[in-house]
Amino acid sequence: MEGIIDELVRFAITFMHTIKDVLPIAVIIFGFQIFVIRKNIPNLKRVLIGFFYVVLGLALFLQGLEDALFPIGRMMAAQLTDLDFIKHSAESLQQGVAIHWTQYYWVYIFAFTIGFSTTIAEPSLLAVAIKANEVSGGSIGIWGLRIAVALGVAVGIALGSWRIVTGLPLHYFIITGYIIVVIQTIYSPKMIIPLAYDSGGVTTSTVTVPIVTALGIGLASRVPGRSELIDGFGLIAFASLFPIISVLAYAQLSHWYSRRNRNVD
Amino acid sequence: MRRSLLQFVRTTANSARDLAPIAIVIALFQIFVLQQPIPDVAEIIVGSVFVVVGLTFFIYGLEMGLFPIGESMAFAFARKGNVMWLLIFAFALGFGTTVAEPALIAVSKKAARIAAEGGVIEATNLAIKQYANGLKFTVAFSVGLAAVIGVLRIIKGWPIQWIIIGGYVIVVSMTAFAPEEIIGIAYDSGGVTTSTITVPLMTALGIGLASSIKGRNPMIDGFGLIALASLTPMIFVMAYGMTY
Numbered sequence: 001m002e003g004i005i006d007e008l009v010r011f012a013i014t015f016m017h018t019i020k021d022v023l024p025i026a027v028i029i030f031g032f033q034i035f036v037i038r039k040n041i042p043n044l045k046r047v048l049i050g051f052f053y054v055v056l057g058l059a060l061f062l063q064g065l066e067d068a069l070f071p072i073g074r075m076m077a078a079q080l081t082d083l084d085f086i087k088h089s090a091e092s093l094q095q096g097v098a099i100h101w102t103q104y105y106w107v108y109i110f111a112f113t114i115g116f117s118t119t120i121a122e123p124s125l126l127a128v129a130i131k132a133n134e135v136s137g138g139s140i141g142i143w144g145l146r147i148a149v150a151l152g153v154a155v156g157i158a159l160g161s162w163r164i165v166t167g168l169p170l171h172y173f174i175i176t177g178y179i180i181v182v183i184q185t186i187y188s189p190k191m192i193i194p195l196a197y198d199s200g201g202v203t204t205s206t207v208t209v210p211i212v213t214a215l216g217i218g219l220a221s222r223v224p225g226r227s228e229l230i231d232g233f234g235l236i237a238f239a240s241l242f243p244i245i246s247v248l249a250y251a252q253l254s255h256w257y258s259r260r261n262r263n264v265d
Numbered sequence: 001m002r003r004s005l006l007q008f009v010r011t012t013a014n015s016a017r018d019l020a021p022i023a024i025v026i027a028l029f030q031i032f033v034l035q036q037p038i039p040d041v042a043e044i045i046v047g048s049v050f051v052v053v054g055l056t057f058f059i060y061g062l063e064m065g066l067f068p069i070g071e072s073m074a075f076a077f078a079r080k081g082n083v084m085w086l087l088i089f090a091f092a093l094g095f096g097t098t099v100a101e102p103a104l105i106a107v108s109k110k111a112a113r114i115a116a117e118g119g120v121i122e123a124t125n126l127a128i129k130q131y132a133n134g135l136k137f138t139v140a141f142s143v144g145l146a147a148v149i150g151v152l153r154i155i156k157g158w159p160i161q162w163i164i165i166g167g168y169v170i171v172v173s174m175t176a177f178a179p180e181e182i183i184g185i186a187y188d189s190g191g192v193t194t195s196t197i198t199v200p201l202m203t204a205l206g207i208g209l210a211s212s213i214k215g216r217n218p219m220i221d222g223f224g225l226i227a228l229a230s231l232t233p234m235i236f237v238m239a240y241g242m243t244y
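Going down the list, the protein sequences come from chains A and B.
The first sequence runs 1 to 265 under this note's numbering.
The second sequence runs 1 to 244 under this note's numbering.
Calculated from the structure, these hints are not laboratory results.
It is possible that some hints are incorrect.
To be verified - Anything over 10 Å on all C-beta distances counts as not near chain B; from chain A, calculated:
1. Ala12
2. Gly141
3. Gly167
4. Ser254
5. Tyr257
6. Arg260
Said to hold, decoys possible - Mimicking EDC-like on lysine to aspartate or glutamate, the simulated pairs with C-alpha atoms at most 16 Å apart in a straight line are:
7. A/Lys39 with B/Glu71
8. B/Lys110 with B/Glu181
9. B/Lys110 with B/Glu122
10. B/Lys109 with B/Glu122
11. B/Lys110 with A/Asp6
12. B/Lys109 with A/Glu228
13. B/Lys80 with B/Glu63
14. A/Lys45 with B/Glu122
15. B/Lys109 with B/Glu63
Stated by the list, open to error - Here chain A is said to cover these stretches of chain B; the calculated rule only asks that three of the stretch's residues, wherever they fall, bring their Cβ under 8 Å from a Cβ of chain A:
16. 132 to 144
17. 177 to 184
Remember, predicted model here, so these are calculated numbers, not experimental data.
We treat Cβ as the ideally placed atom computed from N, Cα and C, and that holds for glycine.
Turn these sequences into a full structure, and let the hints steer you where they fit.
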C-alpha cells in the first residue's frame with residue numbers, strides 16, 4: 001500500500017515536470033493562435049484532449065523509464081566498463097599490463113545493441129517516420145526508416161565507445177563523417193536528402209540520451225588515461241551523425257534495387 | 001466504441017513491440033554476459049507497463065493534438081501571407097522549446113564545470129552559474145535562429161544541402177580554433193536540443209508550410225527544420241567557448 005502511494009506521489013511530480021516542459025510551447029502556440037492568427041482552432045476540443053494525452057503519455061513514459069530502464073541501464077554500463085569485468089573476461093591478462101582496446105569487445109556489442117533498441121523505442125523518431133510515410137505516399141516505410149536510423153545509431157555509438165577507449169580525437173571522426181555525408185548527398189535521390197538530415201536530430205531524445213550518456217561517462221571514468229569531463233562527451237554527436245549516413249545509404253540501396261528490378265522486367 | 005477500443009489495444013501492442021528489443025538486450029546481457037540476476041523484477045515490470053501505456057497515449061495525442069495544430073497554424077500563416085509574423089513564431093517556437101529543455105540544462109552545467117576546472121572561468125558558484133546560463137541562452141537563441149532560417153528556406157525553396165554543407169564547413173573550420181575542452185560539448189549539444197515535443201511540432205510546421213505554399217514539395221521542402229536545429233547549436237557553442 002505504501003509502495004502504491006509512493007508511486008502515485010512520484011508520478012504526480014513527473015506529471016508536473018512534464019507540464020512545466022510543455023507549458024512554454026503551449027503558451028507560444030495558443031498565444032499566436034489567439035493574438036496573431038485570430039481564428040478559432042479547428043476541432044479545439046480534440047486538440048486539447050490531444051495535448052493532454054501527450055503530457056500524460058510523456059509523464060508515464062518518463063516515470064516508467066526512470067523506474068525500470070535507467071537504473072538497470074546505468075548499472076550495466078558501469079559493470080561492463082568495470083576493469084574487473086574486463087580483466088576477468090580477458091583471463092590471461094596480468095596485473096599492470098595495459099588493456100588492449102580489443103578487450104572491451106562486450107562494451108562495443110552492448111553499445112551497438114542498446115543503441116539499436118533504444119532508437120527503435122524513441123517516440124520522436126516514430127513521429128517523424130509516421131509523417132514521412134504519409135508525405136511520401138507510402139514509398140518510405142515506417143519500419144524501413146526506423147531500422148535504418150537505428151542501425152546508424154548502433155554503429156555510431158559502438159564506434160564512439162571505441163573512440164573513448166582508444167582516446168582518438170573526436171573531431172577526426174566527425175569530420176570524416178561529414179565528408180561521407182557530403183559525398184552521399186551528391187549521389188542520393190533528391191527526395192530523401194532533407195529527411196535523412198532530419199533523422200540525425202530525432203534519434204537522440206528521451207530514451208537514448210540517458211543510457212548512452214551513462215555508457216560514455218562509465219567508459220571515460222574507468223578507462224585508464226581518460227578524463228570523464230572531456231572524453232565522456234561525444235557519443236551523442238556520433239549518434240546524431242551516423243543515422244544521416246545510414247538513411248542516405250538506405251535510400252541509395254532501395255533506389256538501386258528498384259531500378260535493377262525495373263531493368264529485369 | 002468497440003472499434004476505438006480495438007484500436008487502443010492495437011496501439012498498445014505496437015508500443016509493447018517497440019520496447020521489446022530493449023528488454024531482450026538487457027535480459028541477455030544480464031544473464032549471459034554479466035551473469036547476474038535481474039534486480040527488482042517487480043519494479044521493472046511495473047515500470048515497463050508505464051512506458052508502454054505512456055508511449056500509447058503519446059502517439060494518440062500526437063495524432064490528435066500536436067500534428068493537427070502544427071499543420072493548421074502553418075496553413076493559417078501561409079494564407080495570411082505575413083512572413084514577418086511567421087518568422088517571429090518560428091523563432092519563439094525554437095527558442096521557447098529549447099530554453100526549458102532538461103537535457104540542455106544538464107549539459108550546460110557540465111560544460112561550466114569543465115570551464116571552471118580548465119581555469120577558463122573562476123571556480124566560484126556564481127561564475128559557474130553565469131557561464132551555464134549564458135550557454136543555455138546561446139543554444140536556445142541558435143535553435144530559434146535555425147527555425148527562422150529553416151522557415152525562410154521553405155518559403156524561398158532553397159535546397160537544404162547547401163545550407164547544411166555550408167554549416168559543416170563552418171563547424172570544421174571553427175573546430176580548428178575552438179578550445180579543445182569545448183569541442184565535445186559543442187558536438188553533443190547539436191543532438192540534445194531536439195526534444196520529443198519539439199520534433200513532431202517542427203515537422204508538422206515544416207510539412208504544413210511546404211504543402212500550402214505553391215511550388216513547394218512537402219518531401220523536399222517540408223523536412224529539414226530539425227537538421228538545422230541540430231546544426232546551429234554546434235556553431236554557437238564553439239563561438240561561445242572561443243569568446244568567453
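Checked hints:
no.: 1; hint: Ala12; in the structure: holds (14 Å)
no.: 2; hint: Gly141; in the structure: holds (14 Å)
no.: 3; hint: Gly167; in the structure: holds (12 Å)
no.: 4; hint: Ser254; in the structure: holds (15 Å)
no.: 5; hint: Tyr257; in the structure: holds (19 Å)
no.: 6; hint: Arg260; in the structure: holds (23 Å)
no.: 7; hint: A/Lys39 with B/Glu71; in the structure: holds (14 Å)
no.: 8; hint: B/Lys110 with B/Glu181; in the structure: holds (11 Å)
no.: 9; hint: B/Lys110 with B/Glu122; in the structure: holds (15 Å)
no.: 10; hint: B/Lys109 with B/Glu122; in the structure: holds (14 Å)
no.: 11; hint: B/Lys110 with A/Asp6; in the structure: violated (31 Å)
no.: 12; hint: B/Lys109 with A/Glu228; in the structure: holds (14 Å)
no.: 13; hint: B/Lys80 with B/Glu63; in the structure: violated (25 Å)
no.: 14; hint: A/Lys45 with B/Glu122; in the structure: violated (52 Å)
no.: 15; hint: B/Lys109 with B/Glu63; in the structure: violated (35 Å)
no.: 16; hint: 132 to 144; in the structure: violated (count 0)
no.: 17; hint: 177 to 184; in the structure: holds (count 4)
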